[in-house]
Amino acid sequence: MVHNLSCIDFTSRLANHNAAFDFSTASDAASSFTETVTYAHVMSTEDIKVDYLSTGANRQTAVADWSVSGVLAFGADNNVALWRPKDDTPRGIVRLLSGHKETVKAVTFLPANSDEAYSYLVTGSDDKNLLVFRAPASNPTEFEIIQSSSDHRASINCIAASRTSQGWIIATGAADAAIRIWTFEDEVLTLVQTIKTAPRFFPLCMSLNKLSENSDEVVLAAAGTREIIQIFTAIAASADTSFSLQATLSGHEGWIRSLDFARESTQPRGDLILASASQDKYIRIWRLHQGSELPALAASGADPLSGAYLPGKSPSNKAHRFKIGSKDYSVTFEALLLGHEDWIYSAKWNTRADGTLQLLSTSADNSLAIWESDPSSGIWVSMVRLGEISREKGATTATGSTGGFWTGVWAPDGLMVTCLGRTGSWRTWEYIAEEDAWKPCISVSGHTKAVTGVSWSRDGAYLLSTSSDQTTRLHTRWPAPGKNTWHEMSRPQIHGYDLNCIDSLGPTQFVSGADEKLMRVFSEPRAVASMLHRLGGFGDAHNENMPDAANMPVLGLSNKAIDAVDDEQEIQPVDDRDREAMDPASVVRKSHLDIDHPPFEETLSRHTLWPETEKLYGHGYEISCLAASHDGRIIASACKASSTNHAVIRLFETERWTEIRPPLTAHSLTATRLRFSADDCYLLSVGRDRQWAVFGYDADRPAKYTLVQSDPKGHSRMILDCAWAPTSRPAFATAGRDKLVRLWKSAENEDGQLRFTQAASISCGVPVTAVDFLPSTLGGKCVLAVGTEAGKVELHLIDEDFSTTLALASAEMPVLPKAVLQLAWRPVTVGKEHHELAIAGEDSSLRIYSFSTGFLTGGVAEA
Numbered sequence: 001m002v003h004n005l006s007c008i009d010f011t012s013r014l015a016n017h018n019a020a021f022d023f024s025t026a027s028d029a030a031s032s033f034t035e036t037v038t039y040a041h042v043m044s045t046e047d048i049k050v051d052y053l054s055t056g057a058n059r060q061t062a063v064a065d066w067s068v069s070g071v072l073a074f075g076a077d078n079n080v081a082l083w084r085p086k087d088d089t090p091r092g093i094v095r096l097l098s099g100h101k102e103t104v105k106a107v108t109f110l111p112a113n114s115d116e117a118y119s120y121l122v123t124g125s126d127d128k129n130l131l132v133f134r135a136p137a138s139n140p141t142e143f144e145i146i147q148s149s150s151d152h153r154a155s156i157n158c159i160a161a162s163r164t165s166q167g168w169i170i171a172t173g174a175a176d177a178a179i180r181i182w183t184f185e186d187e188v189l190t191l192v193q194t195i196k197t198a199p200r201f202f203p204l205c206m207s208l209n210k211l212s213e214n215s216d217e218v219v220l221a222a223a224g225t226r227e228i229i230q231i232f233t234a235i236a237a238s239a240d241t242s243f244s245l246q247a248t249l250s251g252h253e254g255w256i257r258s259l260d261f262a263r264e265s266t267q268p269r270g271d272l273i274l275a276s277a278s279q280d281k282y283i284r285i286w287r288l289h290q291g292s293e294l295p296a297l298a299a300s301g302a303d304p305l306s307g308a309y310l311p312g313k314s315p316s317n318k319a320h321r322f323k324i325g326s327k328d329y330s331v332t333f334e335a336l337l338l339g340h341e342d343w344i345y346s347a348k349w350n351t352r353a354d355g356t357l358q359l360l361s362t363s364a365d366n367s368l369a370i371w372e373s374d375p376s377s378g379i380w381v382s383m384v385r386l387g388e389i390s391r392e393k394g395a396t397t398a399t400g401s402t403g404g405f406w407t408g409v410w411a412p413d414g415l416m417v418t419c420l421g422r423t424g425s426w427r428t429w430e431y432i433a434e435e436d437a438w439k440p441c442i443s444v445s446g447h448t449k450a451v452t453g454v455s456w457s458r459d460g461a462y463l464l465s466t467s468s469d470q471t472t473r474l475h476t477r478w479p480a481p482g483k484n485t486w487h488e489m490s491r492p493q494i495h496g497y498d499l500n501c502i503d504s505l506g507p508t509q510f511v512s513g514a515d516e517k518l519m520r521v522f523s524e525p526r527a528v529a530s531m532l533h534r535l536g537g538f539g540d541a542h543n544e545n546m547p548d549a550a551n552m553p554v555l556g557l558s559n560k561a562i563d564a565v566d567d568e569q570e571i572q573p574v575d576d577r578d579r580e581a582m583d584p585a586s587v588v589r590k591s592h593l594d595i596d597h598p599p600f601e602e603t604l605s606r607h608t609l610w611p612e613t614e615k616l617y618g619h620g621y622e623i624s625c626l627a628a629s630h631d632g633r634i635i636a637s638a639c640k641a642s643s644t645n646h647a648v649i650r651l652f653e654t655e656r657w658t659e660i661r662p663p664l665t666a667h668s669l670t671a672t673r674l675r676f677s678a679d680d681c682y683l684l685s686v687g688r689d690r691q692w693a694v695f696g697y698d699a700d701r702p703a704k705y706t707l708v709q710s711d712p713k714g715h716s717r718m719i720l721d722c723a724w725a726p727t728s729r730p731a732f733a734t735a736g737r738d739k740l741v742r743l744w745k746s747a748e749n750e751d752g753q754l755r756f757t758q759a760a761s762i763s764c765g766v767p768v769t770a771v772d773f774l775p776s777t778l779g780g781k782c783v784l785a786v787g788t789e790a791g792k793v794e795l796h797l798i799d800e801d802f803s804t805t806l807a808l809a810s811a812e813m814p815v816l817p818k819a820v821l822q823l824a825w826r827p828v829t830v831g832k833e834h835h836e837l838a839i840a841g842e843d844s845s846l847r848i849y850s851f852s853t854g855f856l857t858g859g860v861a862e863a
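So that you can map any letter, position 312 of the sequence shown is 312 in UniProt numbering, and since no number is skipped, the others follow by simple counting.
Fair warning: there could be bad hints in the mix.
[As the list claims (entries may be wrong)] Listed next, the in silico DSS-like pairs over lysine-lysine satisfying Cα-Cα at most 30 Å (straight line):
1) K49 to K483
2) K739 to K101
3) K818 to K49
4) K483 to K281
5) K449 to K128
6) K196 to K210
7) K739 to K449
[As the list claims (entries may be wrong)] Pair ranges (Cβ atoms, derived):
8) R701 to S643: 17 to 27 Å
9) E434 to G482: 34 to 44 Å
10) T89 to D374: 38 to 48 Å
11) D631 to K101: 27 to 37 Å
12) A699 to T804: 34 to 44 Å
13) G854 to S643: 48 to 58 Å
Derived from the structure by calculation, the hints contain no laboratory data.
Source: prediction; values computed, not measured.
Where is the CB? At the ideal position from N, CA and C, for every residue including glycine.
My request is simple: use the sequences and hints to build the entire structure.
Below is the structure:
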């Protein structure tokens, strides 16, 4: 069947354009290059706003910390994300701090008093650098870098800090098998000691604390890729703050992932309690006691192992004694905590208002536990268990999965906890005293690898993003009273290949391409449609043609349509021999999406999949780019290629889901971007072979689109992106690694044939990786967004005839630490006061910036 598209003959359409608008001739256009003018617009705070920041956390134990001001900081790729979990409005990430060049692994706030003018944040990364950020107490998210150090020779894995009368002492552990000791006084970071671990191990965790509240004697515990814990001490007030090894604690049977000190009481000689968490699935509690006499438990010879080991295998409860100055101390093994079924990644202390110690542990068994010591027996008991029940947890770390919770953090008041899961998303619980229960809260989520593609739905109701982390995510605004915040609302695709590109086919359908030779088409299920209608106020909540929900076979890649089950229906265990067997944890019950808030992570990752309805075959290599026509009737796609045979563009019609042959030929290497014009009359392609090609629609031809023009020398280096301008006649922009954006406009030659010629160019100084035009003109001007390899986003105002360009400059313009991979303006509604731009970053971030119409047009009159 032949689709009757809106433009029947592109040559007749061109004639209509000629009548409506008069371009200069090709020779005039070639000589009309103009210098770009930069206009610094005077802004109000409403001119540029950050509507949404989304990114996933790095899966590291030391990756997060929660300050007394209520800010939680965590490493996200090479950024540090700031989030306020206890805010009444669940805005999510409020700021992304840049400065590191590689993955951030360790984040620590320096201990602060409530009356101080500044707060400080110390971060370490795979780039071997240690950074110190400072923020005023009046605005605790406005951090700036004030100090840096590159003394480590390998990745920094952990940071510990303690406050003394002289300032702060900071300890850092790195993959160079060294612990470095720093002082931070008067905002000056000074390296005072380097400790080479012996026996050699890589520090993965450390804890630093004062031995007593009123002294400058400090103790450092360090552990990592061996089964031992080393205890160092120093007197911080001395001229030469030097740590010396005092004890080596043994007992664990696996790498040690977390250490944390806590003071048992506020007494002057109150003992320090150390918790250590290990890959051997156990937590050990150690007591650091002042005095020549041993603590009561060790002195009585009681068994702190509680019979956990067979006779003859139990490590001895040896007391480790040492002196600091004239004071005697001992370290003894206090208790063994059993209950987790897999590696334990973190153990963190909290002191309740009544002085009771609580220990928060997170494990690869997908559970979080809060432990307390029984007042009568002294036995440590798991008082609260959060997370997932055993039969739903799936594969564990020990069997090759990267599942579970990687770290856990207490809120400063101890009434909220949050933990980082395997997907890079956070899960948060708040203690409700009236109910004596921990209730889940809205948290943040995001991609954990480069965001490779973004696409708005045709009506702009939601944004789809896809990533090298093998997921597709749907984001939209939650316009609840007092909220009006953006959230991830669905995770339609969880794949086994890195995803490269995506485009919307309509309000309830999209197509994506990955590092496989086919494309997959997904349709919205009824459960998700109903949730989006209820929470977002858009879509059809009662479409009878939709399946209930979707599920994925344990060993499959294709989402299958399924029926939602009643809440009381029993779920049968999975049969490992059945390749089509479904994970019981991902069965969708009717109540799962019947919610009045954005879905939590466990719901997102299991119950918001979209069923796959079609597969499109034909390419011989990994899909590199795709585009859907605006009416959703045609999909164009290309794959990675090193020859003309594979560099073809294949077209698929979406009524019967068949390929339209023959494929389009123009390129000799990989096509990097495909774009349909707004009226679908033209298809533009650009590629690594430095050329662009324009194909025009012709309903009478079998292939539908035929080559109108190509330019083998469109840029001097590969072309990475392109975009159609919202002009009266066909015009477009191309972005290249030659650091230029070139603007091309159309005219008819003497034979009446459509020809595109370069009208202007914009020099960006660095390779240009992404461009997109606002879909409609503002005040007769086109607005072009430009993204570069250096992470900078620029806005340019361009006359409809491309005769002049005006760069809008502002200190508030987005700057990413890595390349901008794609830009997408939200479809415009005439008369809007703000226009949203989605920015996909190589730094795993997805950002939505809002620009006021006044800012986008304010420079015209002034210029």
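Hints versus structure:
1. Our distance criterion of 30 Å between C-alpha atoms is met by K49 and K483, whose separation comes to about 16 Å.
2. Taking the CA atoms of K739 and K101, the gap is near 22 Å; set against the 30 Å cutoff, the hint holds.
3. Taking the CA atoms of K818 and K49, the gap is near 21 Å; set against the 30 Å cutoff, the hint holds.
4. As the CA atoms of K483 and K281 are separated by approximately 41 Å, the hinted pair breaks the 30 Å bound.
5. A threshold of 30 Å between alpha carbons decides the hint, and for K449 with K128 the separation of about 20 Å falls inside it, so the pair holds.
6. Restraint check for K196 and K210: the C-alpha separation of about 22 Å stays at or below 30 Å, so the hint holds.
7. Using a Cα cut-off of 30 Å, the hinted pair K739 and K449 holds, with the two alpha carbons roughly 25 Å apart.
8. One distance hint, 17 to 27 Å for the beta-carbon pair R701 and S643, holds here, with the actual separation near 25 Å.
9. The supplied range of 34 to 44 Å is broken by E434 and G482, whose beta-carbon atoms lie about 22 Å from each other.
10. Our hint of 38 to 48 Å for T89 and D374 holds, since their Cβ atoms are close to 40 Å apart.
11. A C-beta distance of roughly 44 Å is found between D631 and K101, which places it outside the suggested range of 27 to 37 Å.
12. With their beta carbons about 37 Å apart, A699 and T804 fall inside the hinted range of 34 to 44 Å.
13. Between G854 and S643 the CB atoms are about 51 Å apart, so this pair conforms to the stated range of 48 to 58 Å.
Going through the hint list in order, the structure does not satisfy hints 4, 9, 11.
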